[in-house]
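Fit chain B to the given chain A structure using the hints.
Protein chains: 2
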Amino acid sequence: MIRLGILGYGNLGRGVEKAAAAAEDITLAAVFTRRDPKTLKIASNAPVYSADDMAAHKDEIDVLILCGGSANDLPEQTPAAAKLFNVIDSFDTHARIPEHFANVDAAAKAAGKTGIISIGWDPGLFSLMRLISNAVLPDGNDYTFWGRGVSQGHSDAARRVEGVKDARQYTVPVASAIEKVRSGEDPVLTTREKHTRECYVVAEAGADKDKIAETIKNMPNYYADYDTSVTFITEEEMQRDHSRLPHGGCVICSGRTGENKHTIEFSLKLDSNPEFTSSVLVAYARAAYRMNKEGMTGCKTIFDVPPAYLINRSDEDIRAHLL
Amino acid sequence: MIRLGILGYGNLGRGVEKAAAAAEDITLAAVFTRRDPKTLKIASNAPVYSADDMAAHKDEIDVLILCGGSANDLPEQTPAAAKLFNVIDSFDTHARIPEHFANVDAAAKAAGKTGIISIGWDPGLFSLMRLISNAVLPDGNDYTFWGRGVSQGHSDAARRVEGVKDARQYTVPVASAIEKVRSGEDPVLTTREKHTRECYVVAEAGADKDKIAETIKNMPNYYADYDTSVTFITEEEMQRDHSRLPHGGCVICSGRTGENKHTIEFSLKLDSNPEFTSSVLVAYARAAYRMNKEGMTGCKTIFDVPPAYLINRSDEDIRAHLL
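If you read the protein sequences in the order shown, they are chains A and B.
Note that my numbering gives residue 84 to position 84 of the first sequence, counting from 1, and the numbers run on in steps of one.
Note that my numbering gives residue 162 to position 162 of the second sequence, counting from 1, and the numbers run on in steps of one.
Excised from the complex, chain A in its bound form:
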């Protein structure tokens, strides 16, 4: 049994707990939290420890999955944890990946551990599809579309606007843009042409709704580059219609071999973004454990992992039944 640890018990941590329970070769050995461990109720019977006590449990855990955020948690936590454990994270701040990779690599190599960063579906499975597509069809272009799905970062941004009590944002790919890409037209698409944003907002009593809508639509980085719709709803409607975290998207590569065209498409349709992401994290935790056993230490990404390491089946079995 591979003994798994979780650091951070939010949506992602709960998803990892669920995915670990579904894996026959994995057992959840510990949940670490920055809250008071006594106050944290978890779904399984795993012991809960303070995040400050991780070092005391270093020999009880084969792989630690870091379930914190990319902005503030992972840049510190993953390198620190890699001194103690094999680690997996879902770091998704693209611009900072080289720096994060270097930090985790140094810590993991010094400790003889294996770390795999930026695992999930994007970065993650979508990255893998971009790489494979580019390798197979060098004369081609790849396009990534996200949605329809909830962006928690954009929801949070809308929630910070004055007069907003609650908000939920859906990223929506533009169907006609996807069709153009699928048809092999190789279109040049602006940010605005690829996705729209739908914002559902519960306003505070007496708030100026026009001003809220304008503020959201013009918010730099988050909304200004998109066609955004803002729809005001009641708290009851928010609870009833927008309490789930669906997501998805697709990577489409259109390429040529001389006069012949080829299209490669990978798409996901997910009822729960955090639960699917967690399932990917757990499969790569299995890989980290195995790669470490074989002496492959240091920081890795999805590009470095032989796929056979992901699954709880023998090489003979997968060659006979999945190849």
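One or more of the hints may lead you astray.
Stated by the list, open to error - Covered stretches of chain A, going by a simulated chain B footprint (3 or more residues, C-beta under 8 angstroms): (1) 11-22; (2) 96-103; (3) 118-126; (4) 135-146; (5) 264-278.
Claimed, not checked - Derived DSS-like pairs: lysine-lysine, alpha-carbon spacing no greater than 30 angstroms straight-line: (6) K194/B <-> K180/A; (7) K194/B <-> K217/B; (8) K209/A <-> K194/A; (9) K293/A <-> K109/B; (10) K293/B <-> K293/A; (11) K293/B <-> K109/A; (12) K41/B <-> K261/A; (13) K109/A <-> K83/A; (14) K261/B <-> K41/A; (15) K194/A <-> K180/B; (16) K261/A <-> K180/B; (17) K261/A <-> K194/B; (18) K261/B <-> K180/A; (19) K194/A <-> K217/A; (20) K165/B <-> K41/B; (21) K261/B <-> K194/A; (22) K180/B <-> K180/A; (23) K194/B <-> K209/B.
Claimed, not checked - Only some residues are given here: those of chain B computed to face chain A with a beta carbon under 10 angstroms: (24) P246; (25) A283; (26) R319.
Bear in mind the hints are in silico, worked out from the structure with no lab data behind them.
We put the CB at the ideal spot given by N, CA and C, even for glycine.
Positioned in the frame of chain A, the structure of chain B alone reads:
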């Protein structure tokens, strides 16, 4: 530069030649043929040698791509070639993969070479998707659909029927079956429910068309388990409408994490089946070369290859731009 060799100059061999020309880090160093080398005209300037003389060129080639058929050529050729070169093949006789793997593994290990078998899109990229889907969503089912596209095996089988001058067979997935799978219904589908077969036939003058159609439709292994249509056309129509080799298909995995459903779909739409397959072979030839340099000898499959080895870009570059 990686020096590539080709054994067998049919559709696949010509595709490899084209894919090698499109790769900046690869040069075609030799084409080996069982025909008289003097009679073989090829598209590039690579030297053409007799297949009997491969051993004399063992130091001129880094990876040999075997472009013969799975029924008669590859079971002999790949293990024999693995004594001389790193090798790649597209062996697709599923039942014989364990035996073929063992033969290539023994030959390659003894010679310190690396062989990767069963590369292409199915087996190949579709196998990879089946593995990843099963690893990420253990509580799920995967389905593979092929087409619409030309099956050369089924075309050949129809061509062997008495009174048939020429034939072309298209494998067609049943759209309603795909929709059922996509919707997460987890249907149990018979062979007949998944695909139909369309056969276009040029009959010999005076042949009994009813008899031809009946013979094709009832042919065991090839047609009897499918709903097959047989359409008689002229030689001109065959030439005009059916001279290309398009193909494609999809792998769909529908799975659950508790009450939440998720769908993973990978699909291909290919103008030329042999040219796309060749492009995959060339990417994996690059991987075989690199894996051999790092001492990973013996027989491998797509499940064993770290994706980073497939592409002609540095690890730093792919982490910064594809992750």
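Checked hints:
Check result for the segment 11-22 of chain A against chain B: holds, 4 residues qualifying (beta carbon to beta carbon below 8 angstroms, three or more required). For the segment 96-103 of chain A, the assignment as covered by chain B holds, since 3 residues bring a beta-carbon within under 8 angstroms of that chain's beta-carbons and 3 suffice. For the segment 118-126 of chain A, the stated coverage by chain B is satisfied: 3 residues place a CB nearer than 8 angstroms to a CB of that chain, which reaches the threshold of 3. Coverage of the segment 135-146 of chain A by chain B holds. Counting CB-CB distances below 8 angstroms, 5 residues qualify, and the rule asks for three or more.
Here the segment 264-278 of chain A counts 12 residues with a CB under 8 angstroms from a CB of chain B, which clears the bar of 3, and the coverage holds. Taking the CA atoms of K194/B and K180/A, the gap is near 28 angstroms; set against the 30 angstroms cutoff, the hint holds. Between the alpha carbons of K194/B and K217/B the distance comes to roughly 17 angstroms, so the proposed pair stays at or under 30 angstroms and holds. Between K209/A and K194/A, the direct Cα distance comes to roughly 27 angstroms. Compliance with the 30 angstroms bound is thereby established for this hinted pair.
A C-alpha spacing of about 22 angstroms is found between K293/A and K109/B, which places the hinted pair at or below 30 angstroms, so the restraint holds. At most 30 angstroms may separate the alpha-carbon atoms for a hinted pair to count; K293/B and K293/A meet this at roughly 22 angstroms. The straight-line distance between the Cα atoms of K293/B and K109/A is roughly 22 angstroms, inside the 30 angstroms bound, and the hint therefore holds. Proposed proximity of K41/B and K261/A is supported: the alpha carbons are some 25 angstroms apart, at most 30 angstroms.
Among the hinted pairs, K109/A with K83/A is consistent with the structure: their alpha-carbon atoms are about 9 angstroms apart, no more than 30 angstroms. Restraint check for K261/B and K41/A: the C-alpha separation of about 25 angstroms stays at or below 30 angstroms, so the hint holds. Annotation: proposed proximity of K194/A to K180/B holds, straight-line Cα distance about 28 angstroms (limit 30 angstroms). Our distance criterion of 30 angstroms between C-alpha atoms is met by K261/A and K180/B, whose separation comes to about 29 angstroms.
Between K261/A and K194/B the alpha-carbon distance is near 26 angstroms, which keeps this suggested pair within the 30 angstroms criterion. At roughly 29 angstroms between alpha-carbon atoms, K261/B and K180/A fall within 30 angstroms of each other, so this suggested pair holds. Our distance criterion of 30 angstroms between C-alpha atoms is met by K194/A and K217/A, whose separation comes to about 17 angstroms. Restraint check: the Cα-Cα separation between K165/B and K41/B comes to about 27 angstroms, which is no more than 30 angstroms; the hinted pair holds.
In summary, the hint linking K261/B to K194/A is supported, as the alpha carbons are separated by about 26 angstroms, within the 30 angstroms threshold. With a CA separation close to 26 angstroms, the supplied pair K180/B and K180/A stays within the 30 angstroms bound. With a C-alpha separation of about 27 angstroms, the suggested pair K194/B and K209/B falls inside the 30 angstroms cut-off, and the hint holds. The restraint placing P246/B at the interface with chain A holds, with a minimum CB-CB distance near 9 angstroms, inside the 10 angstroms limit.
Taking 10 angstroms as the C-beta contact cut-off toward chain A, the hint placing A283/B at the interface holds, the least distance being around 4 angstroms. With 10 angstroms as the threshold, the beta carbon of R319/B comes within range of chain A, its nearest partner Cβ sitting at about 6 angstroms, so the hint holds.
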